[in-house]
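Using the hints, put the two standalone chains together into the complex.
Here the protein sequences come in this chain order: V and W. Under our numbering, the first residue of the first sequence carries the number 1, and numbering increases by one thereafter. Under our numbering, the first residue of the second sequence carries the number 1, and numbering increases by one thereafter.
The set of hints was computed from the structure by calculation and includes no laboratory data. Note that the structure is a prediction, hence the values are computed from the model and not measured.
Label pairs and their in silico Cβ distance ranges:
{"hint": "1", "chain 1": "W", "residue 1": "58", "chain 2": "V", "residue 2": "20", "range": "35 to 41 Å"}
{"hint": "2", "chain 1": "W", "residue 1": "77", "chain 2": "V", "residue 2": "101", "range": "19 to 25 Å"}
{"hint": "3", "chain 1": "V", "residue 1": "28", "chain 2": "W", "residue 2": "46", "range": "16 to 22 Å"}
{"hint": "4", "chain 1": "W", "residue 1": "53", "chain 2": "V", "residue 2": "14", "range": "49 to 55 Å"}
{"hint": "5", "chain 1": "W", "residue 1": "84", "chain 2": "V", "residue 2": "18", "range": "33 to 39 Å"}
{"hint": "6", "chain 1": "W", "residue 1": "109", "chain 2": "V", "residue 2": "20", "range": "35 to 41 Å"}
{"hint": "7", "chain 1": "W", "residue 1": "45", "chain 2": "V", "residue 2": "7", "range": "17 to 23 Å"}
Listed next, the in silico SDA-like pairs over lysine to any residue satisfying Cα-Cα at most 20 Å (straight line):
{"hint": "8", "chain 1": "W", "residue 1": "70", "chain 2": "W", "residue 2": "31"}
{"hint": "9", "chain 1": "W", "residue 1": "42", "chain 2": "V", "residue 2": "109"}
{"hint": "10", "chain 1": "V", "residue 1": "57", "chain 2": "W", "residue 2": "96"}
{"hint": "11", "chain 1": "V", "residue 1": "71", "chain 2": "V", "residue 2": "30"}
Just so it is clear, CB atoms sit at the ideal spot from N, CA and C, and this is done for glycine as well.
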Amino acid sequence: NAGVTQTPKFQVLKTGQSMTLQCAQDMNHNSMYWYRQDPGMGLRLIYYSASEGTTDKGEVPNGYNVSRLNKREFSLRLESAAPSQTSVYFCASKITSLANTIYFGEGSWLTVV
Amino acid sequence: QKEVEQDPGPLSVPEGAIVSLNCTYSNSAFQYFMWYRQYSRKGPELLMYTYSSGNKEDGRFTAQVDKSSKYISLFIRDSQPSDSATYLCAMSGEHSGYALNFGKGTSLLVTP
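The following block holds chain W by itself, in its conformation from the complex (with noise of 0.2 Å):
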């Protein structure tokens, strides 16, 4: 069993709706969580990083960790045309010396 599971899509929504991106994790070490966006034919690039559980709010981001459930989530509001991109989220702990652990990414199309 892969440590970090993330549900690869596709995942098509409206401009304007509320979009909720999800991975579950088997490690309770893990204690650095990200999320991260890739455009097509491009590099990932940090969008979003926390520290253990909690929620932390950037522009029409949050991100929110939920160490007791090993669940942690990325919502979007008020989507846009250009959030289309694959997310990936990460997740690194002391016990892999934080080497950075990917989820599958998943695949998201805002539809104008």
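Just chain V, same shape as in the assembly (with noise of 0.2 Å):
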């Protein structure tokens, strides 16, 4: 019983370059969440998906793109890391929406040198 499941678990990137966090859940849900935890900052929504074929920004969107790839998978792309995108990135999932119950991978530590 997999649930979220997150790739890679850690990864250290220099500036400029680019990478794909990936994520897939099981759970058929429709909606699907990338977040961003920061010392002090807490969980902050980076973007979402409703549900499959669409994508909103969050709450800090800026310097990220996503992709809903189906209903399964959803990818947070950096195209030009930067050293403040250094954070721990946690994808999530709820049935739907309007859900309230929302479960979470195990997180991407993301290094940015």
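Below, the structure is given as structure tokens:
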């Protein structure tokens, strides 16, 4: 029973490099989310996809792009990484956008040097 | 001003103590209130969920919502070292498309 699976778990990037964080859920959820968590800042929403085929910006979307590849998968791309994007990234899903129970992945630790 | 405010702590208590964790919020449109627990290097997991005002109890945990004061609380009775974690409050409402707004989290340490 995997739930929400994120890859990679750890990554070190150089400034200006690009990379994609992958997320997949096996719970047949419609809504998927990307959050970042920084010390003293809590969880902040980057982008979300309320349903397959739609994506919307959250609180901190600058520097990121997303793709809802299909119902299961929601990827987050950093086109030109910056040190300010050093953070822990969490993917999450809900059965629908109206639901209140959200399930999180284990997190991806990203360091940009 | 952030919509959801939560004291980051850290909070250190002896085993067996009653723990009180709190959040305040500014938008009266929030309808659903949740508490998540996050262990170190793990994703948050849902602990308690309440709708509107009132109390909800689950074992050693009690969640309270006071919408008139825009204040929510989580009480942990007979705290255990295994309760040591970061506790995040979260809330949502129709006004924000039910996207969850999180507090910054309170770090709790229960010492044996």
